[in-house]
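A.B. asks: Heads up: the sequence shown is residues 0 to 231, going by numbering that gives the first Met the number 0.
Hints were generated in silico from the structure; no laboratory data involved.
Be a bit skeptical, because a hint or two may be false.
Cβ-Cβ distance ranges computed for the label pairs, FRET-style [stated by the list, open to error]:
#1 133 - 1: 35 to 41 angstroms
#2 159 - 78: 40 to 46 angstroms
#3 133 - 74: 39 to 45 angstroms
#4 120 - 98: 41 to 47 angstroms
#5 15 - 198: 19 to 25 angstroms
#6 38 - 88: 19 to 25 angstroms
#7 119 - 87: 41 to 47 angstroms
#8 133 - 10: 25 to 31 angstroms
#9 153 - 95: 34 to 40 angstroms
In silico lysine to any residue, SDA-like type, Cα no more than 25 angstroms apart, as pairs [said to hold, decoys possible]:
#10 149 - 120
#11 131 - 100
#12 18 - 0
#13 113 - 102
#14 131 - 97
#15 131 - 114
#16 149 - 135
In this text, all values refer to a predicted model and were calculated from it rather than measured experimentally.
Note that the Cβ used here is the ideal one computed from N, Cα and C, for glycine as well.
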Amino acid sequence: MSLWLTRLAPGPASRTARKELAGLPGTSLHRRVMSLFPDDAQGGPARARYQVLYRVEDTARGSHLLIQSNHRPDPARLPDGYGTLTTRPLDALLDALQDGLPLHYRCAASPVRKPTANTRALYNLPAVVALKGTAADEWWQRQAENAGLKLLSQQAQPLDTVHDRQASAGTGGGGGTGMGQGNRVRHQRIRFDGTATIADAEQLRTALVHGIGPGKAYGCGLLSIAPATDAA
């Protein structure tokens, strides 16, 4: 099964596109992303079925969207003038991964920990605790190691926290997104950049396909890599 990376550049005259990409990842942007894929996904929610991950990239020229999936997005599903899609396969990159290869990485993630029931009761903690500072850095180091990376350097840039609502159990809608009115969700996001070498190429392939950490419906978890001869 192929893996695709798509760049969605907003149309210069589309207020809707600029608004969705300039705002925080949430229900609206997630639905826009999922609208690019078939509605009749079999075998579970569409995001998981098509292994969809995405991230908003902010540059000096404005924002664009990176979308990774195992199904090629359909540009005909975008509203007229919304934007343009540029898609390329990632198969050659995945096949070229080998232990010891130096690379650059980027991942916008939601570092969290889940306290035990006893710890929650003792300290009156929520079910999921967002991590900051050194704790978030250590979380990323563990995630990177589990993803088959040996970190050489890392920088952490806090991003805006996503506040939204998620559908309660049994609610539908959103083209298979599983999102609507229901429980409040909060994802504190941090973008991790740096250099690494590949410690386990197979683990890295798995992490690239499935993403890292929670909040994948909110623009978190997409791990991007590029070979780097200067990483060592």
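A.B. asks: Now tell me if each hint is right for this structure.
C.D. replies: Taking the hints in turn, this is what the structure says about them:
1. In this structure the hint that residue 133 and residue 1 lie 35 to 41 angstroms apart at CB holds, the actual value being about 39 angstroms.
2. Hint check: residue 159 to residue 78, Cβ distance near 26 angstroms, so the stated range 40 to 46 angstroms is violated.
3. For residue 133 paired with residue 74, a C-beta distance near 43 angstroms keeps the hint of 39 to 45 angstroms intact.
4. Taking the beta carbon of each, residue 120 and residue 98 are about 44 angstroms apart, inside 41 to 47 angstroms as hinted.
5. Judged by the Cβ atoms, the range 19 to 25 angstroms given for residue 15 and residue 198 is violated: they are separated by roughly 43 angstroms.
6. Distance hint check for residue 38 and residue 88: the Cβ-Cβ separation is about 24 angstroms, which falls inside the suggested range of 19 to 25 angstroms.
7. Under the hint 41 to 47 angstroms, the C-beta atoms of residue 119 and residue 87, about 45 angstroms apart, fit the expected range.
8. For residue 133 and residue 10, the Cβ-Cβ distance of about 42 angstroms falls outside the hinted range of 25 to 31 angstroms, so the restraint is violated.
9. Distance hint for residue 153 and residue 95: a CB-CB separation of about 23 angstroms, inconsistent with the stated range 34 to 40 angstroms.
10. Taking the CA atoms of residue 149 and residue 120, the gap is about 36 angstroms. The hint is violated against a cut of 25 angstroms.
11. Annotation: proposed proximity of residue 131 to residue 100 is violated, straight-line Cα distance about 30 angstroms (limit 25 angstroms).
12. Distance restraint check for residue 18 and residue 0: the Cα-Cα separation of roughly 34 angstroms exceeds the 25 angstroms cut-off, and the hinted pair is therefore not satisfied.
13. Using a Cα cut-off of 25 angstroms, the hinted pair residue 113 and residue 102 is violated, with the two alpha carbons roughly 31 angstroms apart.
14. A threshold of 25 angstroms between alpha carbons decides the hint, and for residue 131 with residue 97 the separation of about 32 angstroms lies outside it, so the pair is violated.
15. As the CA atoms of residue 131 and residue 114 are separated by approximately 15 angstroms, the hinted pair is consistent with the 25 angstroms bound.
16. Of the supplied pair hints, the one linking residue 149 and residue 135 holds, its CA atoms being roughly 17 angstroms apart against a limit of 25 angstroms.
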